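Chemist: Given chain A, work out where chain B should sit, using these hints.
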Amino acid sequence: MLDSLISQMEKEKQPDEIVTTGVLESLQNFIRKCIVAVLSYGPMPRHIAFIMDGNRRYAKSRSIKEGAGHRVGFSALMASLLYCYEMGVKYITVYAFSIDNFKRDPTEVQTLMELMEEKINELLENRNVINKVNCKINFWGNLDMLSEPVRLAAQKLMASTSRNAGLVLSVCMPYNSTSEIANAVNELCAERRDMMQREHAGSSNGRAVGSGAHSDISVADLDRHMYTAGCPDPDIVIRTSGETRLSNFLLWQTTFSHLQNPEPLWPEFSWRHLVWAILQYQRVYPYIEQNRIQAKKQL
Amino acid sequence: MMVKLILGFLWYLIHLVISLFNLWSHLCNNLECYLISSELLPKFRNLRLEKLKYLGVVVDSREANNILKVKQLLWWLSTIGVKNVILYDVEGVLKKLLEPGIKASRDRNSRNSINVSANMEASHFSHGGMAVECLSGSDGKEGIAKAANLMYSDFCNCATHGSAKSDIIFTEADMACALRAAGSGGAEPDLLLVYGPVRCHLGFPAWRLRYTEIVHMGSLKSMKYGSIVKAFYRFSEKYQNYGK
Numbered sequence: 041m042l043d044s045l046i047s048q049m050e051k052e053k054q055p056d057e058i059v060t061t062g063v064l065e066s067l068q069n070f071i072r073k074c075i076v077a078v079l080s081y082g083p084m085p086r087h088i089a090f091i092m093d094g095n096r097r098y099a100k101s102r103s104i105k106e107g108a109g110h111r112v113g114f115s116a117l118m119a120s121l122l123y124c125y126e127m128g129v130k131y132i133t134v135y136a137f138s139i140d141n142f143k144r145d146p147t148e149v150q151t152l153m154e155l156m157e158e159k160i161n162e163l164l165e166n167r168n169v170i171n172k173v174n175c176k177i178n179f180w181g182n183l184d185m186l187s188e189p190v191r192l193a194a195q196k197l198m199a200s201t202s203r204n205a206g207l208v209l210s211v212c213m214p215y216n217s218t219s220e221i222a223n224a225v226n227e228l229c230a231e232r233r234d235m236m237q238r239e240h241a242g243s244s245n246g247r248a249v250g251s252g253a254h255s256d257i258s259v260a261d262l263d264r265h266m267y268t269a270g271c272p273d274p275d276i277v278i279r280t281s282g283e284t285r286l287s288n289f290l291l292w293q294t295t296f297s298h299l300q301n302p303e304p305l306w307p308e309f310s311w312r313h314l315v316w317a318i319l320q321y322q323r324v325y326p327y328i329e330q331n332r333i334q335a336k337k338q339l
Numbered sequence: 085m086m087v088k089l090i091l092g093f094l095w096y097l098i099h100l101v102i103s104l105f106n107l108w109s110h111l112c113n114n115l116e117c118y119l120i121s122s123e124l125l126p127k128f129r130n131l132r133l134e135k136l137k138y139l140g141v142v143v144d145s146r147e148a149n150n151i152l153k154v155k156q157l158l159w160w161l162s163t164i165g166v167k168n169v170i171l172y173d174v175e176g177v178l179k180k181l182l183e184p185g186i187k188a189s190r191d192r193n194s195r196n197s198i199n200v201s202a203n204m205e206a207s208h209f210s211h212g213g214m215a216v217e218c219l220s221g222s223d224g225k226e227g228i229a230k231a232a233n234l235m236y237s238d239f240c241n242c243a244t245h246g247s248a249k250s251d252i253i254f255t256e257a258d259m260a261c262a263l264r265a266a267g268s269g270g271a272e273p274d275l276l277l278v279y280g281p282v283r284c285h286l287g288f289p290a291w292r293l294r295y296t297e298i299v300h301m302g303s304l305k306s307m308k309y310g311s312i313v314k315a316f317y318r319f320s321e322k323y324q325n326y327g328k
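So the protein sequences, as listed, match chains A and B.
For the first sequence, position 155 (counting from the first letter as 1) is numbered 195 according to this note's numbering, and the numbering increases by one without interruption.
For the second sequence, position 201 (counting from the first letter as 1) is numbered 285 according to this note's numbering, and the numbering increases by one without interruption.
No wet-lab data here; the hints were simulated from the structure.
As the structure is a computational prediction, the values presented were derived from the model and not from experiment.
No residue lacks a Cβ here, since even glycine has one placed at the ideal position from N, Cα and C.
Certain hints may be false.
[What the hints assert, rightly or not] No more than 25 Å apart at the CA atoms, straight line, and that leaves these computed lysine-lysine pairs for BS3-like:
1) A/K337 to B/K180
2) B/K155 to B/K308
3) B/K180 to A/K336
4) A/K100 to A/K143
5) B/K88 to A/K130
6) B/K167 to B/K179
7) B/K135 to A/K143
8) A/K100 to B/K328
9) B/K230 to A/K337
10) A/K336 to A/K130
11) B/K187 to B/K155
12) A/K143 to B/K322
13) B/K127 to B/K322
14) B/K179 to B/K308
15) A/K143 to B/K328
[Stated by the list, open to error] Simulated coverage check for chain A against chain B, where a stretch passes if three residues somewhere in it have a Cβ under 8 Å from a Cβ of chain B:
16) 206-219
17) 281-287
18) 292-302
19) 326-332
[Said to hold, decoys possible] Stretch by stretch, here's where chain A covers chain B in the computed footprint (C-beta under 8 Å, at least three residues):
20) 91-103
21) 281-291
Isolated chain A, as found in the complex (with noise of 0.2 Å):
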């Protein structure tokens, strides 16, 4: 079933190759799972965060109107979201829209907010893809920058999928990593407020009170804060098009996160660019590993 989805995710990306017979899908699928039999004998990355760039230029080089070339990158992102499925990677992030993204021409910031809504809608719709992978999909930012439809149907899609079990899609949009911590910082602060009343509540009732709302605010304070709490930080950041910076994109949670620049473009990355970069990534495995224990003793 996940192999039809896999073929299925792969012709909608690829609409002009010609169509493979069910033999040459079925031996594809078999030397894929061949080969990621032989790759998890290493150690495999649970969480893989994307900076899907590129989609204009992919755009731009095939002729095609910039909203196709971000279509085809939904498409990009789903076959990527089955492939590290089965690959056993538990969670995904993606950034999908930054805030610095809403400096972009209107016509194309518009664009870019209905086929978010359009894919939202047809992920409520359609289950297939969700349901195989039993995902959970959070979106991470200021969703009241978001236009009212897209931010009810984001909300609309993590309430229905908040129970799933299974693979972790985090959906960044429209966010910041600078966003992110002031938005600790506020949600901090709002918290020790409300510790507070309810210490002065409790102290005039002649109840013990806790000191939580006094002591210093500590890194762990402030993790407990971002979007990001609860979910492992990233083993490798991969942003697509070779481009070597973060653009504002987890900053505080990829200390020791492999950071991977490939040179195809987003709607490009496919099942072998994956392949490499968890190859890459389990070669500096021990290095990061040992880098996270000794900071985790540091604590």
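Modeler: The following block gives chain B in isolation, referenced to the frame of chain A:
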């Protein structure tokens, strides 16, 4: 059991092939660096550094103990014409090793009555006309936590004075001010060179990493002048649209 052995064998074989491929790439890279250092490749001869206002350098803490290499790197950077360098390692090894330079700079500033804030003095010094700032892990997440404490104090003060701003919302600009007040503000590097086995930023202060180009340079002990020139050249060719 047999299956696991076969899978293990194949896994090691794949990684052996990749190692050979990496060795070949490494040799090609070494040759290119030699040609760049000897100025035999024309495009690398005249570097344009106008876009490079601040350079960040992350060093793996174990490698940072090699003070001679660090000083050689700084000398190369000042020769190329870099004006501002931000050095970082997680454990603060660079801050400790370069402390004599930092102390000398502090004394020079006080002799010349130059007003530099105490926080800035703590980690800045000059090296051959190049300003150098040393950071460590405590300037990263802990620096943000310190700034959060300052903001929380403001928040409490507003509440105590019965201000109507009990639902005060801090913005990113407020956070930036608090970071400066806590001594964790500072310029954002345009380019970050990572010296270590892996391309990781190792906790470089998040607020200063937003749009920084991050380049992996390999280990410090095998650093090459040609690699730095190549990284600067590639940076000069980069175009950023900052999300637009």
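Chemist: Any of the earlier hints contradicted here, and which numbers?
Modeler: none
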